[in-house]
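Chemist: With chain S held as given, fit chain E onto it using these hints.
The chain contents come next:
There are 2 protein chains.
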Amino acid sequence: MNSNMERPYVVGIDIGGTNTVFGIVDARGTIIASSSIKTAGYPTAEEYADEVCKNLLPLIIANGGVDKIRGIGVGAPNGNYYTGTIEFAPNLPWKGVIPLAAMFEERLGIPTALTNDANAAAIGEMTYGAARGMKDFIMITLGTGGGSGIVVNGQMVYGHDGFAGELGHVIIRRDGRLCGCGRKGCLETYCSATGVARTAREVLAARTDASLLRDVPAESITSKDVYDAAVKGDKLAQEIFEFTGNILGEALADAVAFSSPEAIVLFGGLAKSGDYIMKPIEKSLEENVLNIYKGKTKLLISELKDSDAAVLGASALAWELKDLKE
Amino acid sequence: MNSNMERPYVVGIDIGGTNTVFGIVDARGTIIASSSIKTAGYPTAEEYADEVCKNLLPLIIANGGVDKIRGIGVGAPNGNYYTGTIEFAPNLPWKGVIPLAAMFEERLGIPTALTNDANAAAIGEMTYGAARGMKDFIMITLGTGGGSGIVVNGQMVYGHDGFAGELGHVIIRRDGRLCGCGRKGCLETYCSATGVARTAREVLAARTDASLLRDVPAESITSKDVYDAAVKGDKLAQEIFEFTGNILGEALADAVAFSSPEAIVLFGGLAKSGDYIMKPIEKSLEENVLNIYKGKTKLLISELKDSDAAVLGASALAWELKDLKE
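From first to last, the protein sequence lines stand for chains S and E. Just so you know, my numbering puts 270 at position 270 of the first sequence, and the rest follows in order with no gaps. Just so you know, my numbering puts 276 at position 276 of the second sequence, and the rest follows in order with no gaps.
The following block holds chain S by itself, in its conformation from the complex (with noise of 0.2 Å):
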């Protein structure tokens, strides 16, 4: 009855636009092996897939065959829960919508669940990292854009189409800056590491306080950068940081007046900038959050490595899957 006695383990993939990386992961959360390939390259969805399979088969085999996994999970930009399918992904190399879980349950004889990544690396967080235990919670990923993963109950929170869960396009300010999306003031226009450098070049040009970013060509200016100059002191950096933290804390508020979560779990390089940012999320947060809420949410770094939180995340997904001849 219990399989995860008899399947120790699952498999987590992470597809990015430009490495697709899998591991195999035990119920620690420790990644017992791993390998990657290019996701781009492929002439079709299908041949990526074999290619996905012939590196991974050998990990699975030499980890006592596909008897031993529980189940994969995939996370993968515009991944849709419900389907196991991607739709219409920008950032990879595949057009229109493809059946990517059922691909990999073909190969492989092995059951597949696929979500988009933020909610793959919300699952992680609650299997293994930060979030373990609570029921209520929201990951919050501020990498190149913002994406996001809602716990409720315990469940990850996906809609009645799949797509539940992209706070990083609420309208943070009215007319403001134009997003990929094509509309305006989005969250990640600000409060993502393609944000904060938006931001710098927007003061730099706007003020004439010197600052050690000015040394930085004004196009080539990363969140890094801007990291680095916060810690060298430059307090043009610093105020970037506030101004983004002050953003990111406004929306964080509402969210909160949504589902009122224990915790919000900040991942991804911004989440790293330390105190520069965190201290003014949180006072942004206290000051905006409704009466009943204040002094309740607790703001968390995440808890799993960089390196192995995709995979792990992913992986996670594959603990609730039902044996296929179950």
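Please note that the accuracy of each hint is not assured.
Just so you know, same-sequence chains aren't split out, so a pair can sit in one copy or run between any two.
Stated by the list, open to error - In silico DSSO-like cross-links for lysine-lysine, where the CA-CA straight-line distance does not exceed 27 Å:
#: 1; residue 1: K283; residue 2: K272
#: 2; residue 1: K322; residue 2: K135
#: 3; residue 1: K184; residue 2: K298
#: 4; residue 1: K296; residue 2: K283
#: 5; residue 1: K184; residue 2: K283
#: 6; residue 1: K95; residue 2: K296
#: 7; residue 1: K224; residue 2: K38
#: 8; residue 1: K294; residue 2: K279
If you are wondering where the hints come from, they were derived from the structure by calculation, not from laboratory data. What you are looking at is a predicted structure, and each value in this text was computed from that prediction instead of being measured.
Modeler: Structure of chain E alone, referenced to chain S:
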């Protein structure tokens, strides 16, 4: 085993600032008996609970006795589902935390659940109304204030503390109108009966267009006056609804990015203003929503009769209750 057969009825109690209405409801959502008392005027919550039970018990007895009742559901402002308590409700006569569910259980020996009125409305809509069969929807109540009840995966979103779903208090205009909660720009300061009246006063003061609304003393204008004027073809009144609907559509677009609901159900006086408000909401929602959600979210009006909705909503909560001895 099937307690719904043995116990065919539930009781709904709706606690408002002025009246407490209660009724016995069958599985089809028919109120087979009901009555009410004044909410205020009792020295203590205990005496209030005594009075409710004194008036409710004869109805129960007339319909087969306590053994026919599956449970009691209570809807009340600031109701906390987890604890069965009403907590610091500004519009109710009792101070502090009142364990009202336990009080009714003690007095009547019937299992009792309690939640806030907007959540009760959502459960009522899911059980008897426009959201029957839906697993993901958002109920927006547009009364004096603005409330919400959010359902995800077929379950109410209560949050970790029981206070989730305060969409009336998301900030839709940064530094906007002062709200009763002490913050600025909350949705309910624009999108509620009070908000519409406020908009009317602002617009009448700022502009010089002729309007039927100029016949009403500014301080006594209600959303009903605005509706009546709109029906008579008053352009300014119609614009006020457009302004209101436009803002609500913006807020709903953000809510969709959160839980991607199958439908948003509008309830309360304002929702009855027909196309004057529904068309602008619909238009604004579609204009403001992220691409992937476009055309997917139904905008519905509550199917519950205003006079019955509060008792039905509260009663619906009781179908999920287990026997006290189970």
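Chemist: Indicate, hint by hint, whether the structure satisfies it.
Modeler: Hint by hint, here is what the structure shows:
In this assembly of identical chains, the alpha carbons of K283 and K272 lie at most 27 Å apart only when taken from the same copy (17 Å versus 40 Å across copies). For the homomeric pair K322 and K135, the shortest alpha-carbon distances inside one copy (22 Å) and between copies (22 Å) are both at most 27 Å. Within a single copy, K184 and K298 get their C-alpha atoms only as close as 30 Å, which misses the 27 Å cut-off; across copies the closest is 24 Å, which meets it. For a Cα distance limit of 27 Å, the shortest separation of K296 from K283 inside one copy, 13 Å, qualifies, whereas the shortest one across copies, 36 Å, does not.
Taking identical chains as interchangeable, the C-alpha atoms of K184 and K283 lie at most 27 Å apart whether they share a chain (25 Å) or sit on different chains (17 Å). With identical chains, the CA atoms of K95 and K296 are at most 27 Å apart between copies only, with a shortest distance of 21 Å across copies and 44 Å within one. Taking the closest pair of Cα atoms, K224 and K38 come within 27 Å of each other only inside a single copy of the chain (25 Å); across copies the shortest separation is 63 Å, beyond that limit. Proximity of K294 and K279 under a CA criterion of 27 Å is satisfied intra-copy only: 16 Å inside one chain copy versus 36 Å between copies.
Going down the numbered hints, you'll see the structure goes against none, and every one checks out.
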